[in-house]
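We have chain W; now place chain E onto it with these hints.
Chain by chain, the residues:
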Amino acid sequence: MNVMAEPTITEDHRTIGGVQMEVQNITLRFGGVTAIRDTSFDIREGEIRAIIGPNGAGKTSMLNVINGFYHPQEGTITFKGEKRHDMRPHIAATQGIARTFQNVALFKGMTTLDNIMSGRSLKMKKNIFWQMLYEGPAKKEEIEHRKFVETIIDFLEIQHIRRTPVGKLPYGLQKRVELGRALAMEPELLLLDEPMAGMNVEEKEDMSRFIIDINEEFGTTIALIEHDMGVVMDLSDRVVVLDHGELIADGTPEDVQKNQDVIDAYLGVAHD
Amino acid sequence: MTDEIVLPDGLDTIPKLLDRNAREFGENAACREKEFGIWQSWTWSQARDEVEQLALGLIELGLKKGDHVAIIGNNRPHLYWAMVASQACRAIPVPLYQDSVAEEMAYVLKHCGARFAIVEDQEQVDKLLEMSGKTPNLKQIIYLDPRGLRKYDHTSMHPYTDVQKLGVDQADAIRGPKKPTLREELDRRKETAGGEDTCVILYTSGTTGRPKGVVLSNYNIIATAKTSSGFDHLSASDSVLAYLPMAWVGDFIFSIGQSYWTGFCVSCPESPETMHQDMREIGPTYFFAPPRFYEGLITSVAIRMEDASPLKRRMYRYFMDHARAVGGAILDGKSVGLWARIKYALGSVLIYGPLKNTLGISRVRVGYTAGEAIGPEIFEFYRSLGINLKQLYGQTEAAVFVTQQPDGEVRADTVGVPSPGVEIRINDDGEVFYRSPGVFQIYFKNKKSTAETKDKDGWVATGDAGFIEPSTGHLRIIDRAKDVGKMRDGSMFAPKYVENKLKFYPNILEAVVFGDGRDTCCAFINIDLTAVGNWAERNNIMYGSYQELAGHPQVMAMIQEHVEEVNESIARDEMLSGCQIHRFLVLHKQLDADDGELTRTQKVRRSTIEEKYGDLITALYDGSNTVFADTEVTYEDGRKGRISATLEIRDARVVSAKRMAAE
Numbered sequence: 001m002n003v004m005a006e007p008t009i010t011e012d013h014r015t016i017g018g019v020q021m022e023v024q025n026i027t028l029r030f031g032g033v034t035a036i037r038d039t040s041f042d043i044r045e046g047e048i049r050a051i052i053g054p055n056g057a058g059k060t061s062m063l064n065v066i067n068g069f070y071h072p073q074e075g076t077i078t079f080k081g082e083k084r085h086d087m088r089p090h091i092a093a094t095q096g097i098a099r100t101f102q103n104v105a106l107f108k109g110m111t112t113l114d115n116i117m118s119g120r121s122l123k124m125k126k127n128i129f130w131q132m133l134y135e136g137p138a139k140k141e142e143i144e145h146r147k148f149v150e151t152i153i154d155f156l157e158i159q160h161i162r163r164t165p166v167g168k169l170p171y172g173l174q175k176r177v178e179l180g181r182a183l184a185m186e187p188e189l190l191l192l193d194e195p196m197a198g199m200n201v202e203e204k205e206d207m208s209r210f211i212i213d214i215n216e217e218f219g220t221t222i223a224l225i226e227h228d229m230g231v232v233m234d235l236s237d238r239v240v241v242l243d244h245g246e247l248i249a250d251g252t253p254e255d256v257q258k259n260q261d262v263i264d265a266y267l268g269v270a271h272d
Numbered sequence: 001m002t003d004e005i006v007l008p009d010g011l012d013t014i015p016k017l018l019d020r021n022a023r024e025f026g027e028n029a030a031c032r033e034k035e036f037g038i039w040q041s042w043t044w045s046q047a048r049d050e051v052e053q054l055a056l057g058l059i060e061l062g063l064k065k066g067d068h069v070a071i072i073g074n075n076r077p078h079l080y081w082a083m084v085a086s087q088a089c090r091a092i093p094v095p096l097y098q099d100s101v102a103e104e105m106a107y108v109l110k111h112c113g114a115r116f117a118i119v120e121d122q123e124q125v126d127k128l129l130e131m132s133g134k135t136p137n138l139k140q141i142i143y144l145d146p147r148g149l150r151k152y153d154h155t156s157m158h159p160y161t162d163v164q165k166l167g168v169d170q171a172d173a174i175r176g177p178k179k180p181t182l183r184e185e186l187d188r189r190k191e192t193a194g195g196e197d198t199c200v201i202l203y204t205s206g207t208t209g210r211p212k213g214v215v216l217s218n219y220n221i222i223a224t225a226k227t228s229s230g231f232d233h234l235s236a237s238d239s240v241l242a243y244l245p246m247a248w249v250g251d252f253i254f255s256i257g258q259s260y261w262t263g264f265c266v267s268c269p270e271s272p273e274t275m276h277q278d279m280r281e282i283g284p285t286y287f288f289a290p291p292r293f294y295e296g297l298i299t300s301v302a303i304r305m306e307d308a309s310p311l312k313r314r315m316y317r318y319f320m321d322h323a324r325a326v327g328g329a330i331l332d333g334k335s336v337g338l339w340a341r342i343k344y345a346l347g348s349v350l351i352y353g354p355l356k357n358t359l360g361i362s363r364v365r366v367g368y369t370a371g372e373a374i375g376p377e378i379f380e381f382y383r384s385l386g387i388n389l390k391q392l393y394g395q396t397e398a399a400v401f402v403t404q405q406p407d408g409e410v411r412a413d414t415v416g417v418p419s420p421g422v423e424i425r426i427n428d429d430g431e432v433f434y435r436s437p438g439v440f441q442i443y444f445k446n447k448k449s450t451a452e453t454k455d456k457d458g459w460v461a462t463g464d465a466g467f468i469e470p471s472t473g474h475l476r477i478i479d480r481a482k483d484v485g486k487m488r489d490g491s492m493f494a495p496k497y498v499e500n501k502l503k504f505y506p507n508i509l510e511a512v513v514f515g516d517g518r519d520t521c522c523a524f525i526n527i528d529l530t531a532v533g534n535w536a537e538r539n540n541i542m543y544g545s546y547q548e549l550a551g552h553p554q555v556m557a558m559i560q561e562h563v564e565e566v567n568e569s570i571a572r573d574e575m576l577s578g579c580q581i582h583r584f585l586v587l588h589k590q591l592d593a594d595d596g597e598l599t600r601t602q603k604v605r606r607s608t609i610e611e612k613y614g615d616l617i618t619a620l621y622d623g624s625n626t627v628f629a630d631t632e633v634t635y636e637d638g639r640k641g642r643i644s645a646t647l648e649i650r651d652a653r654v655v656s657a658k659r660m661a662a663e
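Protein chains in written order, with this note's numbering: chain W, 1 to 272; chain E, 1 to 663.
Isolated chain W, as found in the complex (with noise of 0.2 Å):
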């Protein structure tokens, strides 16, 4: 069991403060299947965590379980020292934790722009009225939350596309206009559910330089799942691996990688 862990400073000086959630003990299962057996881990304030594992391993139902989208069967969470109860994803989203997904799901028919726009609205405090009315004080809080959002764009390097629909987008520009959705939220915690998927290299560069630049610049908290070994070994400060649902490792990527139990998950030696 992991303790609230002191403050540190990594070799590149960042700051890792205590521990922002905590999973403990969960279990999740459908029907008779099992996605998730007993797993326990924490993720610490302003590191970037990594989880990976073969597929199938449960992966994304933990992201789900984290984000308040499943509810598990047994454990509890705490997050950012407040032990959670079964919840509606959009309660985790007020609270600060905000997702990127495996297949991109933003509006396709929008523009970038509106679908950035789309991650303001959990901060939009005037009512439908107000809003109807449009001139007056929701003009005035739009106005500040298109400032914000210009913002992202400007950090996503993507003005180019500001007026174009997302859905004449090619893939890897969707991947970085749904992370721009997700910063909207300016979320505490950030989860990204494969952002590196059928990306090429250059594109992939990018993204990583992306995540790096977040977790750098807001201070943001992020849990990634990711394939490419490369990309995870590099940018995360802490790796859980899963296989079959259950937690195999836990550890600096340095120690994952020696591990003998991780290396026999994805060599695929037969289970008993």
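Derived from the structure by calculation, the hints contain no laboratory data.
Predicted, not measured: the structure shown is a model, and the values here were computed from it.
Treat each hint with caution, since some may be false.
Quick list of in silico lysine to aspartate or glutamate cross-link-like pairs, EDC-like style, CA-CA up to 20 Å [stated by the list, open to error]:
id: 1; chain 1: W; residue 1: K168; chain 2: W; residue 2: D114
id: 2; chain 1: E; residue 1: K151; chain 2: W; residue 2: D114
id: 3; chain 1: E; residue 1: K151; chain 2: W; residue 2: D234
id: 4; chain 1: E; residue 1: K334; chain 2: E; residue 2: D321
id: 5; chain 1: E; residue 1: K34; chain 2: W; residue 2: D154
id: 6; chain 1: E; residue 1: K151; chain 2: W; residue 2: E45
id: 7; chain 1: W; residue 1: K123; chain 2: W; residue 2: E157
id: 8; chain 1: W; residue 1: K147; chain 2: E; residue 2: E33
id: 9; chain 1: E; residue 1: K165; chain 2: E; residue 2: D145
id: 10; chain 1: W; residue 1: K204; chain 2: E; residue 2: E123
id: 11; chain 1: E; residue 1: K151; chain 2: W; residue 2: E11
id: 12; chain 1: E; residue 1: K34; chain 2: W; residue 2: E157
id: 13; chain 1: W; residue 1: K147; chain 2: E; residue 2: E35
id: 14; chain 1: E; residue 1: K151; chain 2: W; residue 2: D12
Chain E only, in chain W's frame:
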């Protein structure tokens, strides 16, 4: 000696021009930049303050008179100010190409001995740090965009705004009994600077050998800005978009020289990718672009029109045909029939206006193209729309302008008359020489090249061969002087001139013409796979490979037609009528930089090709009808392979010079 251009009192440096602009039209916009989706503007007085604050900070950081300051980044107002701030401190700005690799930058930084570098972002900082072992002189790096740089060692690195703040904070601090304050020091440096001081050093891209640092004085820049602004009647109400590399002399003249001289506003795009969108929003009135930019615009229009509804497509064709017929004449103010004018006016409302608006060129009053030859169709396309597109011929060594086309005397095949203050001379070999107020001082630390290029009377060799048309006084550039040769009968052989004519056909990607020291000219042709492939698809011609398409009889026939048309056009030219192509073949592979046949900038390497394809050249001249070719090719990953084919050689009809004369 060239007529001295007299500059008004107290306006002999760029910082002094800035002060004047702040005084005389302080509230006008000096520059704009799109940031966070909104156009941000700075007035001339704000620009002056920004420059002053930065200059104070730079002095405080230890910038001395005569230091070199490297400026690296995309076009941004802050980097333009950095150049002027350096000048205010009597240091010399050296803008570098922002996309050069670290090694190339290191060479220039070391060569000029830059002590300061003012750069845009992390990308550039990383390159400088990577090369820090090779650039011992570089002491301070100042960056604009702090993103990703927070964790770097900041002992010799500063954010741009911090330097300005440092300058403001320390401006009036007392330094000791006899020592001047920062502000006094800056004022003293600004006042003592004069026209003969170096304004900027621009490194030429250097197709051969190492880049050379062209030293241009304040007088060179300001006198050129003055005469060229007068030539095109530029005024403070004009507007330009700064999107070409800051290290290129043209951008320096347009965005600093002419802008500071006349006081017009320079707008910087949000990012290189948004340039077209930003151009539409700004609507520049004075515009410069290389030919490939204009070609690109036409291609995008053509593709979009193919997808348009039949009615729109028909309207487009109808009115564009009409514009081609009379548009150029209307633009030149020549007499055109009333009915044609009415039709043209209708076309303006329905087609030309909306089209120009979409392209962002509605307000263009003066547009220039230069750098390489532009296809006559492309040139005419814009002119027929009523865009005053003109050609100029220039060089870094001349502070751009050597010749340019006056309004009303615009043609696709000349580069115009000498710019005001420029003298032109053609020597016996046909090489063009010029002398002007803009002629550079020296190549920095390179006496040998300086002496080779510029003689003691100030005449500069261009390295281009050309001639002045007796009837009009316009200069025509034929080719690079070193490529120009003689045919056996003594007439001039200019391969590039012929190749360019061939390349204007969309179906021909590349052409290589032989004939130096021979009786006749022959050519290799490369087809353009996109254009010819598209044509094949439309005409139901099946092909399995590039090689098969290139050898298809119908393709051969099409290329033959093009070659014969080119021959006809060359025959009209007395001096070059000997360069008509008698025989040609279509190559079975594309000429490629990976095989050493082209340079990395896609220029033909004549000697390599002559060596490699010696057997094909022999076949062209010995009268055979086919030739077997077997060539080694290098794939992108470095593996080698061979391609072999039997190529057909065709004779092209040539027009005898006599017959032309009789007509």
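Practice task
Please flag the earlier hints that this structure goes against, numbers listed from lowest up.
Solution key: Violated hints: 2 and 7; rest satisfied.
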